[in-house]
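Protein chains: 2
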Amino acid sequence: MAQLIDELFIKHFDNELLRQHNDQALFKLPAGRLAISTDGHVISPLFFPGGDIGSLAVHGTLNDVAMSGAKPLYLAAGFILEEGLPLADLEKIVISMAAAAKGAGTPIVTGDTKVVEHGKGDGVFITTTGVGVVPDSVTISGDRAEPGCAILVSGSIGDHGVAIMASRENLQFQTTIVSDSAALHGLVADLVATAPTALRCLRDPTRGGLATALNELAKQSGVGMVIDEAKIPVRAEVKAACEILGLDPLYVANEGKLVCICDAAAADDLLAAMRRHPLGQDASIIGEVIVDPHGFVQMTTAFGGRRIVDWPVGEQLPRIC
Amino acid sequence: MAQLIDELFIKHFDNELLRQHNDQALFKLPAGRLAISTDGHVISPLFFPGGDIGSLAVHGTLNDVAMSGAKPLYLAAGFILEEGLPLADLEKIVISMAAAAKGAGTPIVTGDTKVVEHGKGDGVFITTTGVGVVPDSVTISGDRAEPGCAILVSGSIGDHGVAIMASRENLQFQTTIVSDSAALHGLVADLVATAPTALRCLRDPTRGGLATALNELAKQSGVGMVIDEAKIPVRAEVKAACEILGLDPLYVANEGKLVCICDAAAADDLLAAMRRHPLGQDASIIGEVIVDPHGFVQMTTAFGGRRIVDWPVGEQLPRIC
Ligand SMILES: Nc1ncnc2c1ncn2[C@@H]1O[C@H](COP(=O)(O)OP(=O)(O)OP(=O)(O)O)[C@@H](O)[C@H]1O
Ligand SMILES: Nc1ncnc2c1ncn2[C@@H]1O[C@H](COP(=O)(O)OP(=O)(O)OP(=O)(O)O)[C@@H](O)[C@H]1O
Ligand SMILES: [Mg+2]
Ligand SMILES: [Mg+2]
Ligand SMILES: [Mg+2]
Ligand SMILES: [Mg+2]
Ligand SMILES: [Mg+2]
Ligand SMILES: [Mg+2]
Numbered sequence: 001m002a003q004l005i006d007e008l009f010i011k012h013f014d015n016e017l018l019r020q021h022n023d024q025a026l027f028k029l030p031a032g033r034l035a036i037s038t039d040g041h042v043i044s045p046l047f048f049p050g051g052d053i054g055s056l057a058v059h060g061t062l063n064d065v066a067m068s069g070a071k072p073l074y075l076a077a078g079f080i081l082e083e084g085l086p087l088a089d090l091e092k093i094v095i096s097m098a099a100a101a102k103g104a105g106t107p108i109v110t111g112d113t114k115v116v117e118h119g120k121g122d123g124v125f126i127t128t129t130g131v132g133v134v135p136d137s138v139t140i141s142g143d144r145a146e147p148g149c150a151i152l153v154s155g156s157i158g159d160h161g162v163a164i165m166a167s168r169e170n171l172q173f174q175t176t177i178v179s180d181s182a183a184l185h186g187l188v189a190d191l192v193a194t195a196p197t198a199l200r201c202l203r204d205p206t207r208g209g210l211a212t213a214l215n216e217l218a219k220q221s222g223v224g225m226v227i228d229e230a231k232i233p234v235r236a237e238v239k240a241a242c243e244i245l246g247l248d249p250l251y252v253a254n255e256g257k258l259v260c261i262c263d264a265a266a267a268d269d270l271l272a273a274m275r276r277h278p279l280g281q282d283a284s285i286i287g288e289v290i291v292d293p294h295g296f297v298q299m300t301t302a303f304g305g306r307r308i309v310d311w312p313v314g315e316q317l318p319r320i321c
Numbered sequence: 001m002a003q004l005i006d007e008l009f010i011k012h013f014d015n016e017l018l019r020q021h022n023d024q025a026l027f028k029l030p031a032g033r034l035a036i037s038t039d040g041h042v043i044s045p046l047f048f049p050g051g052d053i054g055s056l057a058v059h060g061t062l063n064d065v066a067m068s069g070a071k072p073l074y075l076a077a078g079f080i081l082e083e084g085l086p087l088a089d090l091e092k093i094v095i096s097m098a099a100a101a102k103g104a105g106t107p108i109v110t111g112d113t114k115v116v117e118h119g120k121g122d123g124v125f126i127t128t129t130g131v132g133v134v135p136d137s138v139t140i141s142g143d144r145a146e147p148g149c150a151i152l153v154s155g156s157i158g159d160h161g162v163a164i165m166a167s168r169e170n171l172q173f174q175t176t177i178v179s180d181s182a183a184l185h186g187l188v189a190d191l192v193a194t195a196p197t198a199l200r201c202l203r204d205p206t207r208g209g210l211a212t213a214l215n216e217l218a219k220q221s222g223v224g225m226v227i228d229e230a231k232i233p234v235r236a237e238v239k240a241a242c243e244i245l246g247l248d249p250l251y252v253a254n255e256g257k258l259v260c261i262c263d264a265a266a267a268d269d270l271l272a273a274m275r276r277h278p279l280g281q282d283a284s285i286i287g288e289v290i291v292d293p294h295g296f297v298q299m300t301t302a303f304g305g306r307r308i309v310d311w312p313v314g315e316q317l318p319r320i321c
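Here the protein sequences line up with chains A and B, keeping their order. So in full-length UniProt numbering, spot 204 of the first sequence is number 204, and the numbers just go up one at a time. So in full-length UniProt numbering, spot 123 of the second sequence is number 123, and the numbers just go up one at a time.
The following block holds chain A by itself, in its conformation from the complex (with noise of 0.2 angstroms):
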C-alpha cells in the first residue's frame, strides 16, 4: 500500500504537500471566503470519449466549487480500488488525472487508498473535494434569481451524457460524440471580471441535466422561468443520438457546461465574455426569470407552444457521473 501510493500517485500527483506525507494538508490561504463541494465518481465505463473517471472527478469537483465564483486552489482524492483492477488502468486515470488538475492550477495535496474485494466494487470511485476561494466582491446563490433576470448557458447541452450512453451501447456515431468534461473556473473567472456584482445564480447542469439544474434554481429562488426552445444550444449529432435513445437533451448530463442568471442589463456583457472564451464559444441567453408562486420552468417550443419542463421523473441514467 504504502508503495502503491508513493510509487503510483505521489509520483503523478508530485507536489511539496503530498511529498511531506503528513494526515493532512496544511497551507496559507489568501484571504475571502472558503468555498468547499466534494463529488464521488462512479462513471461507467472508466474511460469513454473525451475524458476517464481520473479527469472528470477532477473537471466535476472543481466545477461546483467555482459555481461559486470561487477560484479552486487545493484538491484531495479518495480512491476506492476493487481487486483486480488491471495497474495499468489505474496508472492511466492517475496519469489523466495529474493532467487535468495540473491543468486547473489546483493540485491533489492529500489523498487516501481503500481497496475492496473483488466484486464489492467496480474498478475504481474516486471522491474528490475542492477549496477554493470567493472574492468578497462577489454574491453567487442559487436563491438569487428574481423576476427579469437574464438566464444564459455557456454551450450546448447533452453532449457528456450522450457520449456515455453511446459508448455503452456501442452506438455507431458515438466516435462524432464526446464528453464536454472541462473545468470551467477559468470561464467563471471572466464572467466575475466581466460583471460581478450582476452575477446571481452559477449552477453546472450535471447529473438531471439543464432541465433539473433550472428547476433546482427555480425552487431556491422561489421564482418561475420561461425559457426558449430554439435558443438551447443542441449539437445536431447529439439531438439524434438522443431520438435512438429515448433521452430528452434537456434532462442529459453536462459536465463542462454552466447556467448563469445575471441582472438583465449584464446579459449581453457576460454573454460576450463567454463567447471569448474556448468554454463558451456557443454560450446563448436562453430566457428570463418571471414571478411564479409555482416555481415552474416553461418552454416556449419551437411550433410556438408552452410547456412546463418538469423535475425529472423516475430512474437518471445511472452512472453517468
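No wet-lab data here; the hints were simulated from the structure. Quick caveat, the model's predicted, so the values are computed rather than measured.
Here are the in silico distance ranges between beta carbons for each label pair:
| id | chain 1 | residue 1 | chain 2 | residue 2 | range |
| --- | --- | --- | --- | --- | --- |
| 1 | A | A195 | B | E91 | 39 to 47 angstroms |
| 2 | B | K219 | A | P45 | 32 to 40 angstroms |
| 3 | B | D14 | A | T197 | 29 to 37 angstroms |
| 4 | A | D263 | B | R19 | 22 to 30 angstroms |
| 5 | A | D89 | B | P278 | 40 to 48 angstroms |
| 6 | B | H118 | A | D248 | 21 to 29 angstroms |
| 7 | A | D89 | B | A99 | 37 to 45 angstroms |
| 8 | A | D143 | B | A88 | 32 to 40 angstroms |
| 9 | A | A195 | B | T139 | 37 to 45 angstroms |
Calculated pairs, DSBU-like style, for lysine-lysine (alpha carbon to alpha carbon, straight line, at most 30 angstroms):
| id | chain 1 | residue 1 | chain 2 | residue 2 |
| --- | --- | --- | --- | --- |
| 10 | A | K219 | A | K239 |
| 11 | B | K102 | A | K28 |
| 12 | B | K219 | A | K28 |
| 13 | B | K28 | B | K102 |
| 14 | A | K102 | B | K28 |
| 15 | A | K11 | A | K28 |
| 16 | A | K28 | B | K28 |
| 17 | A | K102 | B | K219 |
| 18 | A | K219 | B | K11 |
| 19 | A | K219 | B | K28 |
| 20 | B | K102 | A | K219 |
| 21 | A | K92 | A | K102 |
| 22 | B | K219 | A | K11 |
| 23 | B | K102 | B | K11 |
Glycine included, every Cβ here is placed at the ideal spot set by N, Cα and C.
Please build the complex by placing chain B with the ligands on the supplied structure of chain A, with the hints as guidance.
Coordinates of chain B with the ligands only, in the frame set by chain A:
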C-alpha cells in the same frame, strides 16, 4: 435522489449551509493555516461493537485533520450506495454520523450521493473530507522528530482492529472488546494548550497500527526510535484475542489513539494533560527518538532483549476502516 438527499441526509445533518442546496458550502474562516484531509471508509461490517461506518467516517477524518494541531471546523461527505442497501440501515448510519459530527462540533456542510448497482459496491462507502485551522504558534509535522524527543501514546492499542476481527469471526469474547473510535481533537487542543511549541509530531495509528505509525515518523524525520514493550498499553482482552487471531497488537488498527513526539522536557506535562482527558487516561511515555541512519524502530522486550519493529509485511487486515 433529490428526495433522498432532503429527507434523509439534509434532515439529519441539518445546518444552515446544507440547507442552502448550493453546489458548495461557503463560509468565513478564522485566521490561520488551513488543514485538509480526506479518508474513504469501506469498513465491513457496517455496524460493529463501539460504532458504525457513519461515526467512524467522522472520527477518522477529523483525527487526520487534528494531527496537525488544527481545530477541525467543517466536514464534507460523499456517499456511494449499493442498490439494495436497506433504507433503515442507511438511516441508522446517517443518524450516527450526524451525532458524531454534532458531538465534535464539525457540521457536514456539503455532500454527494451516488448509487451503484447491486454487486458493484458493498452497502455503503463514505468518503469524508475535513478542514480545520491551525494556530500560528503550532508547527507539527512528521518530519520534526529529533534524537532525544520523547514518544507518547494516548492509550491502549489494538482495540479497533480486534473488535472488527472478532465481530467478523463471531468470536465469543467479541462483546468485551469495542472499537476505540473517537474524535481526538479535544485531546489535541489540550496538548496544544499545554506545550504548543514542544509538540513536534502527532499521528493517529490507524491501518498498520502503532508499528506502522512509528516507522512512518522515523522515516519522515530520518531518525531511529527505541520503545519499551512494557510501557505500551494493551488491554488483557485485546492481547488474548490477538493470540487467538494470530495478530500482533503493534500492527492492529486504532481509531481513537494518537502518537505524540515532543521535546523531552515537556513529556511529563503532556502526559499529565493526556491523562486528564477522558480519551487519554491510559496514556504512556513509551520510548524515545535516537540517532539512526537506518531509521529503525527498536523495541526493548519484556525479556530484556531488543528487536526491530519493522514495517508491516504482506497484506494488511482488509477493510478495517
Ligand atoms: N490516492 C492517493 N493520492 C495521493 N495521496 C495519497 C493517496 N493515498 C494516500 N495518500 C497520502 O499518503 C499518506 C498516507 O495515507 P493514508 O491514507 O495511509 O494515511 P491515513 O489517512 O493517516 O491512514 P488511514 O487511511 O488508515 O486512516 C498521506 O499523506 C496521504 O495524503
Ligand atoms: N449525502 C449527502 N449529504 C449531505 N448533503 C448532500 C448529500 N448528497 C447531496 N447533498 C447536497 O445536495 C445538493 C445536491 O447535491 P448533488 O450531488 O446532486 O449536486 P451536484 O454535485 O451539483 O451534482 P452532481 O453530483 O451530479 O455533480 C448539494 O447541496 C449537496 O451538498
Ligand atoms: Mg492518519
Ligand atoms: Mg457536482
Ligand atoms: Mg487515509
Ligand atoms: Mg453542481
Ligand atoms: Mg486516516
Ligand atoms: Mg454531487
